[in-house]
Each structure stands twice: as C-alpha cells, then as structure tokens.
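Please model the complete structure; the sequences and the hints are all you need to start from.
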Amino acid sequence: MDIALSVQFKKAFAGGFSMDVSWQAGREIVVLFGPSGAGKSLTFQIIAGLLAPDEGRIQLGDTVFHDAQAGIDLPPQSREIGYLFQHYALFPHMTTRENVLYGHRQPRSSEAAADFAAMLTRFHLEGLEQRYPSALSGGQRQRVALARALMRKPKVLLLDEPLSAVDLAVRRSIRSELKNLQRVLGIPMVIITHDLGEALALADRLVIYDHGRVLQIGTPEAIVQNPQNDIIAAWAGSTRLHGERTFSF
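Residue numbers (the numbering used here): 1 to 249.
Keep in mind the hints are simulated off the structure, nothing from the lab.
For clarity, every value in this text was computed on a predicted model and none was experimentally measured.
Treat each hint with caution, since some may be false.
[Stated by the list, open to error] With a Cα cut of at most 20 Å, we get these calculated DMTMM-like pairs of lysine to aspartate or glutamate:
no.: 1; residue 1: Lys-153; residue 2: Asp-20
no.: 2; residue 1: Lys-153; residue 2: Glu-80
no.: 3; residue 1: Lys-153; residue 2: Glu-98
no.: 4; residue 1: Lys-153; residue 2: Glu-28
no.: 5; residue 1: Lys-153; residue 2: Glu-111
no.: 6; residue 1: Lys-155; residue 2: Asp-195
no.: 7; residue 1: Lys-10; residue 2: Asp-20
Structure follows, in structure tokens:
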C-alpha cells in the first residue's frame, strides 16, 4: 500500500474515556466504523488540528501535522485537509455561491471564480448559486459542502457521516458519486459511519472502532470472513446469515 496518511496517537479525556489509535490510509476509501462515542469524530478533530493528542504522530505524505515528541503541531489552516462535518456546517446566511467560495484561500480571485464554475458542473449545482441552505434538499446541501471542502484542493478528505442527512432513496447514487470522486481525485478519503451497509458499500478498507480503540483493520471481505473478536463476529455473522448490509450499532 502506498501510505498517504498515517495516524497514531493517544489521548485521555475527563471522565475516564481514553483513545489509543493507530492506522494508515493509502489513496483509497477508508471507513471508520463503530458505535457512537467510539472516538471516530474525535479522530477527525485530531487529524484536522482541532484537538491535540497527548502522544503520537499524524503525517500526510511528507508533511508532519503533529509530532508530540518533536513539538510539531501545525495549525488547522496549514493542514491540507478537506473536512465535511456531519451536518455539513453550511452558513445559513450565505448562498450556495458564497458558501462554496468561502472554502477558497483567495475567494475573490479569478482562480476562485474558475474553480467555483468547475464545482458547479462537477456537483450538478447549476441554477442553485443564489439559494440559501434552507432552500436546498439534503443531497444538494451535501454537494455544496463537498464543493466547499474541495475548493482548498486538499490532499486528504474527511467525511463525517456524509449520508446521515440524505434520504434513503438517494443514498445509493451518492455512494457511487463518492467512490467516483475518490478515484478522480486520487487522494485518501476517510469516511465515518456507524451503518454497516454504508461501510461495506463504500470501503476499500475498514477500521473498526470501539471504546477509543481500533479492534480490526482490513478489507470488508476479510473482516466479514475472519472477525477477530466477538463484537465484530456478531455483525459479520448477521451479514453472512441474512445476505444484507443493514446492521448498525
């Protein structure tokens, strides 16, 4: 595997919760799968520089985002990351055009205007430029948020529950769009979900989380066929038994 993103850290929180996480991603789709509260979103915050770990190292290519031992901690704006928050975090007082351009480093430049036009085409947003988020469907809001994230020309894309606010009827098409987008961009795409159907449909590799720990890493097929603990075996067995991908924590 051509390693593009390396994540290894420890972090203790008030209340007794702690994390000890280590995984890597190539130029592929990696899905962080596990129950709510397992530490998946906290992992994203640490990668993005919104939260500092106690120990460890976060590296993207040749760029070290964080190294506790060496005293390196790049600020969020210096990390080449596209971050899609769970509920998209669009500004309600901004139009589609304004929200997308906000993601550009120089939103008033001619380059930003050209990039915005390209995003309109890529995400089928033509005619929606002057609409506010409240006037967009869930799928349209997701596309606006993705366009904004990509305006920074990121080297890794983090998507937190990207299908949670999308109707079931359009989830399959959006899954296909996300997979195609990753192939076109050729960068690591890391997706959080607690829905097994989404995890198995999207992942090139799965990272299974529970209680702040990584339980198993592998391809969906390998994990289903060879679960390494009782928690994973429970949902893997359900998948094999029913032939469906509907299990969620």
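How the hints compare with the structure:
Note on Lys-153 and Asp-20: the hinted pairing is violated, with a Cα-Cα distance of about 30 Å set against a maximum of 20 Å. Taking the CA atoms of Lys-153 and Glu-80, the gap is about 8 Å. The hint holds against a cut of 20 Å. Under the criterion of a C-alpha separation no larger than 20 Å, the hint pairing Lys-153 with Glu-98 is consistent with the structure, at around 17 Å. A distance of roughly 17 Å separates the Cα atoms of Lys-153 and Glu-28; the hinted pair therefore holds under the 20 Å criterion.
For the suggested pair Lys-153 and Glu-111, the alpha carbons sit about 12 Å apart, so the restraint of at most 20 Å is met. Between Lys-155 and Asp-195, the direct Cα distance comes to roughly 26 Å. Violation of the 20 Å bound is thereby established for this hinted pair. With a CA separation close to 4 Å, the supplied pair Lys-10 and Asp-20 stays within the 20 Å bound.
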